[in-house]
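Asks: Given these sequences and hints, build the entire structure.
For reference, the chains in residue letters:
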Amino acid sequence: MDQIVKPYFTSADVCARDLILAYRLYHEMLRYPNILGEIRELFLDTLCERGIVCAESIRRDALDQLEALREPSDEESLKSFMDALIDIYFAKHFNWEEIGAYINLARKRDAFNSLNRVLSAEEGGWQEVRNALRDFCAIPEGSIHISPGESMGARVSLISRFISDQLPFIGIAKHYISLRDMNDLMEKILWDPRRRGSIGGKAAGMFLAYKIILPRFGPRDPEFEQYVRIPESHYFSSGFLTDFLDSNNLFAFHSQKYKSRETIEDEFDKIQHVIEKAVFPADVLSQFREFLEKIGEHPLIIRSSSLLEDNFGHTFSGKYDSVFVANQGETELRLNEFIQALKQVLTSVFSPKAILYRRDHNLLDFDERMSVLVQKVVGRQFGKYFFPFAAGVAFSRNIYSWTPRIDKNAGMVRMVSGLGTRAVERIGADYPRMIALSHPMLRPEVGADEIRKYSQKYVDVVDLEKRNLETIPAADLFREVNHPDLFYAVSVEKEGHLSPPLFRHQQIDTTSACITFDNLLSKTPIAGLMKRILAKLEEAYGRPVEVEFAWEDGKLYILQCRALAASKLVEGIALPKNIPPERILFTCGLCLISGVVRNIEYVAYIDPKAYMRLSTIEERLSVGRIVRKINRLLEDKVYALFGPARWGTGDLQLGVKVGYEDINRARILAEVAFEALGSTPEPSFGTHFFNDLVEADIIPLAIYPDDPESIFREDFFLASPSVLSSLSPDLDDLGALARVIHVPSCQQGRLLQVYLSGEEHKGVGFFAVKGEEFL
Amino acid sequence: MSEQFNPFAIAQLQIDQAAQKLGLDQATHELLRWPMREIKVVLPVRMDDGSTRIFHAFRIQYNTARGPAKGGIRWHPQETIDTVRALAAWMTWKTSVVDIPLGGGKGGVICNPKELSEGEKERLARAYIRALAPSLGVTRDVPAPDVYTTPQIMAWMMDEYETILGENHPGVITGKPIVLGGSKGRNDATARGGIYVTREAAATYAISLAGGTMAVQGFGNAGQYAAILGEQILGLKLVAASDSRGGVYNPNGISAAALVDYKQKSGALKGFPDATEIDNDELLGLEITVLFPAALENLIRQDNAANLKCKICCELANGPTTPEADRILDEKGIVVLPDFLANAGGVTVSYFEQVQNAYNLYWEIQEVHWRLDKKMTRAFHEVYEMSRSRGIHLREAAYLVAIARVAEACKLRGWV
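Chains A and B, in that order, give the protein sequences. Here our numbering is used: the first residue of the first sequence is 1, the next is one more, and so on. Here our numbering is used: the first residue of the second sequence is 1001, the next is one more, and so on.
What the hints contain is simulated information worked out from the structure, not anything from laboratory work. We treat Cβ as the ideally placed atom computed from N, Cα and C, and that holds for glycine. You may find that some hints are simply not true.
[To be verified] So, partial list: chain B residues that the calculated Cβ filter (under 8 angstroms) puts toward chain A:
(1) P1113
(2) K1114
(3) E1115
(4) S1117
(5) D1146
(6) Y1148
(7) Q1152
(8) G1220
(9) K1265
[Stated by the list, open to error] Distance condition first, Cα-Cα at most 25 angstroms in a straight line; then the derived SDA-like pairs of lysine to any residue:
(10) K536(A) / N409(A)
(11) K1265(B) / G496(A)
(12) K384(A) / E480(A)
(13) K1114(B) / S710(A)
(14) K609(A) / A1155(B)
(15) K1265(B) / H483(A)
(16) K453(A) / I1228(B)
(17) K1184(B) / S1117(B)
(18) K453(A) / S1051(B)
(19) K1265(B) / F487(A)
(20) K259(A) / D360(A)
(21) K523(A) / I1228(B)
(22) K294(A) / H234(A)
(23) K211(A) / L245(A)
(24) K1265(B) / T421(A)
(25) K1265(B) / R161(A)
(26) K257(A) / N631(A)
(27) K523(A) / A1155(B)
[Unchecked claim] For each label pair, taking beta carbons as the anchor points, the in silico distance ranges come out as:
(28) R1301(B) / Q748(A): 31 to 41 angstroms
(29) G1137(B) / I584(A): 21 to 31 angstroms
(30) E760(A) / K1021(B): 45 to 55 angstroms
(31) R1053(B) / E760(A): 20 to 30 angstroms
(32) N1318(B) / H761(A): 26 to 36 angstroms
(33) Y1205(B) / D509(A): 35 to 45 angstroms
(34) R1053(B) / D509(A): 29 to 39 angstroms
(35) E539(A) / N1318(B): 27 to 37 angstroms
(36) N1304(B) / L614(A): 17 to 27 angstroms
Replies: Written out as structure tokens, the structure is:
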């Protein structure tokens, strides 16, 4: 600033008014005597930056005045003259509001320096950091901020200490989470008195998502401000459950993951039993009690939030439990329920499905710890029931693009009435509303019968009297509960046609109502909001995202957000042409995703017809166990699994009940839907089960043998020799029900090749030797 | 395979056979073999994204000798002019067999309604009417809903027509919502018409219905009402029903209302309490009084027809019985109430809607039922009479009755 040689004015120009203003300013500064120097330094910097005056001019002016007064120009005198001049300059050029803002900034910088000091000290204690941050945030935010660049180091340090030390997470979070956000968050964290821990991936993801959508600094979208909310959330640090294991001498559980698959499965019951019997320390129980008293009688969801969970690329969809508690009645009753839920969440860390998932994704050596995110359930009470108007899961990419009109990048939503549990799992013959966000009103069904068939018929609610999650037929619920927003949820059948109610307070015949959400999608901003939210989150994360949400009383609640595996879904697959017809094993005409699996050596076939003939639940359950065994027998082979629609369903009438761990080694998971069996592979896109398949590179496909356009060589599956008994003699007597075919043995050395094209909506499986191509 | 199957060729073959039996002269025969008027239009429609898409559409006015053309408008991606021609021919015979003063027509738009938003559907519906308005009207041609078209689409079409003419013309379209001039009793009209002809057939062929049993294949609108009205009007006991996901069976009886309620709630019949599962072939083989095929084409084929043990087969669906199976059922002595008679209740109530619109006077439900009963009863007996006098089965008789009436109208007009 040396080029500014002539000051705007000199002390000779000072009038009485300037002196009064300077006096007032000085008085204000005196409220913070410890930082007078810092304040003046900031004033001087600002004066220089604005081109008003520079330090050198002030110095010369001060020297002139000392000389005029014939006073010695020692450093002390010079400084006091310079200070007075800085005050006068600043008071003259800035209004009272600006002066307050700059003094505030100086205070913040001072507190920020203290925070930085604590953070950079290697042995910096948790409490010191907490206090320093609290002190900083106690200073009003003001209109002038410490620049993002200046505070970046402190923010990164705080994020990695208390939220997540995953670098990809920090790399994004540091741009959106401010120091004050950190302070707000920490006010909501409950810490164990002995083991501190951190808040885990799911909690971190939710907090980050909210800050991306509604940042503290920077432009805020007015529509987001109006509609987007997060539920009241509290974070129980991972220290609680670590302390719980320590205080009950259950350290050994941490090594469970290194045991054999069989041992993990066999010992899981025992672990559940031991955790059930173990107790939390008394001081922790007091903390829980105090928390529950503070939060009151409102249903809660205890969500797992492990350190690994929601790590980018490894979503752990459904691997760890989330538990609803009714949280009603006496505190001790609520406390007991709360503890049971915490134990259930903790136990899920040691479950075979979670450990095997980690094993499959090379995450075993990570020291996994479990924290929990406790959220007030979003919803309203109607009599004994509590539930949100609608909930579900949304994806920033739409692979369920059943018509070329749908823009895959605009996202999709699976939405249900009531709790979102029905949207994230594959549940029986019940279907969520699938919404393509580029065209929210389009659906692949036309006609009342078809729409009814592919609609939601049961609603999940919290039953406050029974104190558990209940599933109620939608028709019964709507008859019992006079929901004021039913207008938005249903269409009604009139003259053989389903259409949404025309008026807000129209009398709705609940017996003919069918959940379509047509009015919600066409008369509220939900679809547009969701589309923009997903786009914003995907842009921030730099990869596709998944968001769990609820819609209640005209507000969109973000319940959870996670980044998905950077798209493993390939595009642009060219289907082989000119395949000799005798080489084709199957074709499918409704492929929505693309993929290629080459050189499949083994085919496992669960005969859908034989499965449907099984008359008892026990027999059908046993098929799930057989699939698990086959999966284990073929775990080091390239194998494809074919069976009845639908895999992974909870409804044994419809398909085989299997979990991720039972099929995780298959490369293809095919559903064979014979019309006569009434089976319909549903669009499962977006369920936890589907996410697992995508993450694990398992390609799902559906075959409709009765479609005249499609090929399905049932004879290959039923008549080729089965090697199952040679692989495992105890599986000898399964007859046609389960078969394992060694493909090259019965195809002259050829292997099964599967090509699927989501663009062409077609797929083909055929036999060819390695490297053989059909163009 | 499907590419060799031309529905219009089949329709023409049916006319040829009837013409021979009736001894129609060459000109009349030839006239009846072809649609009298075919209109093909191209519809530019503005899409939601601002682009314009061109849709191709048809309207076939097959024969208007007995009155204005009458028939639905189909919206289907695989629509072809030959399908529409064939369906327009069958509408001509259907209005004739129940003796309502209308001709036959059909319309089609090549489009996939699944891929259209509500706004796009509305613009397409209005574009169709704008293109065809000069050829439509209560005295020319009266469309109605059909595959993938709904009362809402009919309402838009009617509104567009009235906007063009600047006056009130509710009768230009039937199948409208009741508040816009739709008729009461349309919901169950198809099933109810089938029930009335079943009642008449049972009385005529001395088949006792009281305490009898019924099975319903296809549990959509027509099937559900057939089950309910079969109980209420015919006193039949429902013992089995099936839909696309499977069937249920209880020889002691299934409450039709409870089964409808169960299907509404669960979306399927499977799992209905106190009933065992049954597939379509098992259902067809049940020893029952009346079978209502109410969903699938070609359900009863050469390979399963011999298993049927019902006394009456009332075809509520279109084309549930193949010609080969028809012969087998006839030999077995099963009374087959042919589709275009058995399911003509729908078009009859459409006609009632047109009449009420013209009078601007609307009937109570009882009057609709009473008039439908009269029409269907009379139609059955005329067909039966033809069957008895010529010694042919009811399907053939129905064709002869219908085609003879149209031929007579053409003659009287001096066309041929």
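Asks: So, for every hint listed, does it hold in this structure?
Replies: Hints and how they fare:
| no. | hint | verdict |
| --- | --- | --- |
| 1 | P1113 | 5 angstroms, holds |
| 2 | K1114 | 5 angstroms, holds |
| 3 | E1115 | 5 angstroms, holds |
| 4 | S1117 | 5 angstroms, holds |
| 5 | D1146 | 11 angstroms, violated |
| 6 | Y1148 | 5 angstroms, holds |
| 7 | Q1152 | 6 angstroms, holds |
| 8 | G1220 | 5 angstroms, holds |
| 9 | K1265 | 5 angstroms, holds |
| 10 | K536(A) / N409(A) | 12 angstroms, holds |
| 11 | K1265(B) / G496(A) | 16 angstroms, holds |
| 12 | K384(A) / E480(A) | 11 angstroms, holds |
| 13 | K1114(B) / S710(A) | 22 angstroms, holds |
| 14 | K609(A) / A1155(B) | 46 angstroms, violated |
| 15 | K1265(B) / H483(A) | 18 angstroms, holds |
| 16 | K453(A) / I1228(B) | 21 angstroms, holds |
| 17 | K1184(B) / S1117(B) | 29 angstroms, violated |
| 18 | K453(A) / S1051(B) | 33 angstroms, violated |
| 19 | K1265(B) / F487(A) | 19 angstroms, holds |
| 20 | K259(A) / D360(A) | 14 angstroms, holds |
| 21 | K523(A) / I1228(B) | 37 angstroms, violated |
| 22 | K294(A) / H234(A) | 12 angstroms, holds |
| 23 | K211(A) / L245(A) | 33 angstroms, violated |
| 24 | K1265(B) / T421(A) | 19 angstroms, holds |
| 25 | K1265(B) / R161(A) | 51 angstroms, violated |
| 26 | K257(A) / N631(A) | 19 angstroms, holds |
| 27 | K523(A) / A1155(B) | 21 angstroms, holds |
| 28 | R1301(B) / Q748(A): 31 to 41 angstroms | 38 angstroms, holds |
| 29 | G1137(B) / I584(A): 21 to 31 angstroms | 54 angstroms, violated |
| 30 | E760(A) / K1021(B): 45 to 55 angstroms | 50 angstroms, holds |
| 31 | R1053(B) / E760(A): 20 to 30 angstroms | 22 angstroms, holds |
| 32 | N1318(B) / H761(A): 26 to 36 angstroms | 29 angstroms, holds |
| 33 | Y1205(B) / D509(A): 35 to 45 angstroms | 40 angstroms, holds |
| 34 | R1053(B) / D509(A): 29 to 39 angstroms | 36 angstroms, holds |
| 35 | E539(A) / N1318(B): 27 to 37 angstroms | 53 angstroms, violated |
| 36 | N1304(B) / L614(A): 17 to 27 angstroms | 26 angstroms, holds |
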